[in-house]
Amino acid sequence: MKVIFKTSYDRDIDLHKDGWARARIVALVAVMAALPFLVGEYYLAEATNTLIWALAGMGLMLLVGHSGQVSLGHAAFLAIGAYTDTALMNAGLPFVVTFPAAALAAGLFGALVAIPAVRMSGIYLAIATLALFVIVEEMIIIAEPITGGVGGIMAPAIQIAGIDFDRYGQLDRFYWLCLAVVVAVTWAYANLLRSPTGRSFLAVRDSEVSARALGINVTRTRALAFGLSCAMTGLAGALMGHYIAFFNYELFSIFISINLLLVVTIGGLGFIQGAFFGAILITAVPQAITILRGVARDSLGVDIGGMPGLDTMLFAMILIGFIIYEPTGLYGRWLKIKAWVELFPLARRDMFRRQKSYLKTERQK
Amino acid sequence: MSLLEVEDLAIHFGGVKAVDGVSFAVAPGEVFSIIGPNGAGKSTIFNLISRIYAPTRGTIRFNGRDITGLQAHQVAPLGIARTFQNIELFDHSTVLDNLLMGRHVHRSTNFIQDMLFLPAVRRAERAHRHRVEEVMEFLELEAYREKMIAGLPYGVRKVVEIGRALAVGPELILLDEPASGLSVEESQDVAFWIEDMRRDMGLTVLMVEHDMRLVSQVSDRVLAVANGKPLAQGTPSQVQADPGVQAAYLGTEVAQ
Amino acid sequence: MDLIQLLVGGVATGCVYGLVALGFVLIYKATEGVNFAQGDMMMLGAFIALGLVNSDHLGLAFIPGVALAAVLMGGVGYGIDRFVVRQIFGQPQFALVILTIALGFVLRFIAGSIWGYSPLVLETPFAGRNLSMGGVNISLADIVTILVTALLTVALWGFFAYTRIGLAAQAASQNQMAAYIVGVPVRRINSIIWALSGMVATVAGVLYASKGAIDPNIGLLGIKAFAAAVIGGFGSLPGALLGGILIGVVEPLAARYLPGGFSQMSPYIIMLAVLVTRPNGLFAQMHAKKV
Ligand SMILES: Nc1ncnc2c1ncn2[C@@H]1O[C@H](COP(=O)(O)OP(=O)(O)OP(=O)(O)O)[C@@H](O)[C@H]1O
Ligand SMILES: [Mg+2]
Chain A
5 MKVIFKTSYD RDIDLHKDGW ARARIVALVA VMAALPFLVG EYYLAEATNT LIWALAGMGL
65 MLLVGHSGQV SLGHAAFLAI GAYTDTALMN AGLPFVVTFP AAALAAGLFG ALVAIPAVRM
125 SGIYLAIATL ALFVIVEEMI IIAEPITGGV GGIMAPAIQI AGIDFDRYGQ LDRFYWLCLA
185 VVVAVTWAYA NLLRSPTGRS FLAVRDSEVS ARALGINVTR TRALAFGLSC AMTGLAGALM
245 GHYIAFFNYE LFSIFISINL LLVVTIGGLG FIQGAFFGAI LITAVPQAIT ILRGVARDSL
305 GVDIGGMPGL DTMLFAMILI GFIIYEPTGL YGRWLKIKAW VELFPLARRD MFRRQKSYLK
365 TERQK
Chain B
8 MSLLEVEDLA IHFGGVKAVD GVSFAVAPGE VFSIIGPNGA GKSTIFNLIS RIYAPTRGTI
68 RFNGRDITGL QAHQVAPLGI ARTFQNIELF DHSTVLDNLL MGRHVHRSTN FIQDMLFLPA
128 VRRAERAHRH RVEEVMEFLE LEAYREKMIA GLPYGVRKVV EIGRALAVGP ELILLDEPAS
188 GLSVEESQDV AFWIEDMRRD MGLTVLMVEH DMRLVSQVSD RVLAVANGKP LAQGTPSQVQ
248 ADPGVQAAYL GTEVAQ
Chain C
1086 MDLIQLLVGG VATGCVYGLV ALGFVLIYKA TEGVNFAQGD MMMLGAFIAL GLVNSDHLGL
1146 AFIPGVALAA VLMGGVGYGI DRFVVRQIFG QPQFALVILT IALGFVLRFI AGSIWGYSPL
1206 VLETPFAGRN LSMGGVNISL ADIVTILVTA LLTVALWGFF AYTRIGLAAQ AASQNQMAAY
1266 IVGVPVRRIN SIIWALSGMV ATVAGVLYAS KGAIDPNIGL LGIKAFAAAV IGGFGSLPGA
1326 LLGGILIGVV EPLAARYLPG GFSQMSPYII MLAVLVTRPN GLFAQMHAKK V
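Chains as they are written, first to last, in the working numbering: chain A, 5 to 369; chain B, 8 to 263; chain C, 1086 to 1376.
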């Protein structure tokens, strides 16, 4: 009896439900690893960009999707990651030191500001993070000796154990580096979610008062979630710095914060996979627009190149559509399609109809 | 010695004296119920014990220790678990995960170990899971193990609340209207569970309940409150016979 | 003497922040939602006024033009609530945050497509004129801004205190559920409040435009207005206005007396200080959820 129990617990505790699920993940990673042999330079660069966005997206997903806190200023932590990494490298430290340092700096800074911020309820936190973003942006401009100020800063080429990972010279290696980081972070993130730490995040997200009654220190839990989220985002920021190679504060604009929110919301809040779906979308749409522009110009003779802000506008429309019609995001839609296919002859039209929820009010009277 | 001692407890919300000078003591292994009309301050007493509210006056002692100055999250580790009247479950998690969240006070690993999922984490997870399975078996929740809370019927959710509190492995469990909104059969289950908690698990139960049948069936002693003030204390039949208590209930019925 | 000029200018700028903040607070009070597109509504209002008033556009007279712009923006606000925001009734607050941020981008795109992205100047009867009193030069635009803001505040107060809709909106803001049950048409009131905040945004936009050029990105000023609303406590109309004025005054002072960069940061530093010390603002009281 005991023995049977044990094996069945382990099956639930394991990351993958069965060998099949594990095999699929392995296959996916293998294909990703083989990408440099399959596609050209241009698409490899895009894939790298997507990976970096997915990494940053996971950072925000942990915060918004799994601990229920909104940040409108996550670009600030991308910036902290990028500048820490670059500044330390410029000071002569190797990437293997500066890269973790970027995570540490962003994470510590995040956790530190989170301690007062987590006492605020939803909307205040959102606004506070927005304010924090503006402050960080100004600080970057002021701290010119370290950050290059308005002029910008050059991210040195990466070298690990004598091997070059230069973004321009050795794009395939840089891609593999990003892939390795993303795989490692995804693994750690998934581990977190199946352990007490992850459960405490979900508890705080869904019912603060219950969480307290179960002995969860809400402030500390939120600060931890904030710190971990910022650390992941910091890693992404460091990679982004190397990817762009020469950057100034404008790389981390408010629009980046918003795009990150878009990644997690459209991708599917509350699912790690959502960050990847969202990252693919956000890097693919500008591509699609570029292609569309080409087509419109060549075959129709229409020039829509003169419409700045078109991609932002498209993102915004997509976002509105998702929030209204598919709040569970792309990944949620994907799950539904999967379920529908599996149940095919039995699936009903209203199977996923949303339940009407009462107007939730946080006020008491 | 009493397990829980509440002395001259009071809290005022602006002008409302929600609880005003309530004292009682619960002995180990006892089932102690608090009754009273709507708005009497029963849930508020629970919220004071679990330190969600800070009392205006009075002390709460658990196992002889003054817990009045603790923070809300410091109460559960001492061995006090509770349920909520209006169900406060983690709606977007499964029943299993909700119960596992109840094991928080017993966690032995930190977030770095968790991220790397070291063998210690797996071992601890197995142990938590084992304990949670026992609770599920006790409350017959196995059929709902993998179900999301959001889609569950009300009656099941009430039971999950009890399960989550039991998963904490407390000495004292506070049940806020465990039977409200349940069918007669379901209430009967609750009555049996309470008896089992006391007899087999050695738990002490402090309960708020309106269903007088359930109260008299399981309680050793009862405290009646109205308008935040204590009315009577004693065995269920003594309290029911108390003229002040009858007047209080009558009063609210007339008022309604 | 300079200082007085600086202060008057600060108060006037602060009035614009305050009016945008007022727009947030109106919607927040009535619907518990935060409209992150309020700054962009201000921007659109300014552009619509410009399109109606400027001589190289429609060339209407100033006052009727602005009034018409306000009415149009009222329609925009109403429409946004009726056709977009209402769709997510009952979803968590976060959804509305994202939704309105996205709406802001849409509004910005619309304005950019119609009026372009280079700065334009609204023709106002009081542009560039100064009043001098005892050696102090004060721009007429500043005076008008302060007066109009004061008038508008009184009008809004009157609206909530005396009109049927205003009273109903107050009831709805106390408790939507209860108001709904006793028959207050909560949804329609929400839409009306959105319309009202669109109109307030227009006034703010026109006042803003009277002090300088406008382009589709001026909506980012909304972030500062947020700071104002938070300092004021988010639930309080006079608080929002005072918060705005505080910020408006501190900014130029910081620019003058503190090293560079502090002026831009000052609104947010004040706001964070308020949030940390009084997480619910200077003028609001704490509401905890009851269990
Ligand atoms: N956080 C709070 N702020 C203001 N008043 C409160 C708060 N919590 C409770 N009250 C008031 O205290 C009084 C007692 O409420 P309580 O919830 O304890 O009643 P109860 O006895 O549990 O009633 P019921 O049987 O309906 O659950 C009520 O008048 C209630 O409005
Ligand atoms: Mg109660």
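Treat each hint with caution, since some may be false.
What the simulated footprint calls covered on chain A by chain C, stretch by stretch (three residues with Cβ under 8 Å from a Cβ of chain C suffice, anywhere in the stretch; the number is not a length) [as the list claims (entries may be wrong)]:
no., stretch
1, 133-141
2, 146-156
3, 257-265
4, 314-324
For lysine-lysine, the following BS3-like pairs were computed, each having C-alpha atoms within a straight-line distance of at most 30 Å [said to hold, decoys possible]:
no., chain 1, residue 1, chain 2, residue 2
5, B, Lys154, A, Lys342
6, B, Lys24, A, Lys21
7, C, Lys1114, B, Lys24
Think of the hints as simulated: they come from the structure by calculation, not from any bench.
Beta carbons: idealized from backbone N, C-alpha and C, even for Gly.
Now for the hints, and whether the structure bears them out:
1. Only when three residues or more bring their CB closer than 8 Å to a CB of chain C does the claim for the stretch 133-141 of chain A stand; here the count is 5, and the claim holds.
2. Interface restraint, the stretch 146-156 of chain A with chain C: violated (1 residues with C-beta to C-beta distance below 8 Å; minimum three).
3. Check on the stretch 257-265 of chain A: 3 of its residues sit with their Cβ under 8 Å from a Cβ of chain C, so the three-residue criterion for coverage holds.
4. Evaluation of the coverage hint for the stretch 314-324 of chain A: fulfilled, as 8 residues show C-beta separations to chain C shorter than 8 Å, against a requirement of three.
5. The straight-line distance between the Cα atoms of Lys154(B) and Lys342(A) is roughly 18 Å, inside the 30 Å bound, and the hint therefore holds.
6. Of the supplied pair hints, the one linking Lys24(B) and Lys21(A) is violated, its CA atoms being roughly 54 Å apart against a limit of 30 Å.
7. Straight-line distance between C-alpha atoms of Lys1114(C) and Lys24(B) comes to about 29 Å, which keeps the hinted pair within the 30 Å bound.
Hint check: violations occur at hints 2 and 6; the rest are consistent with the structure.
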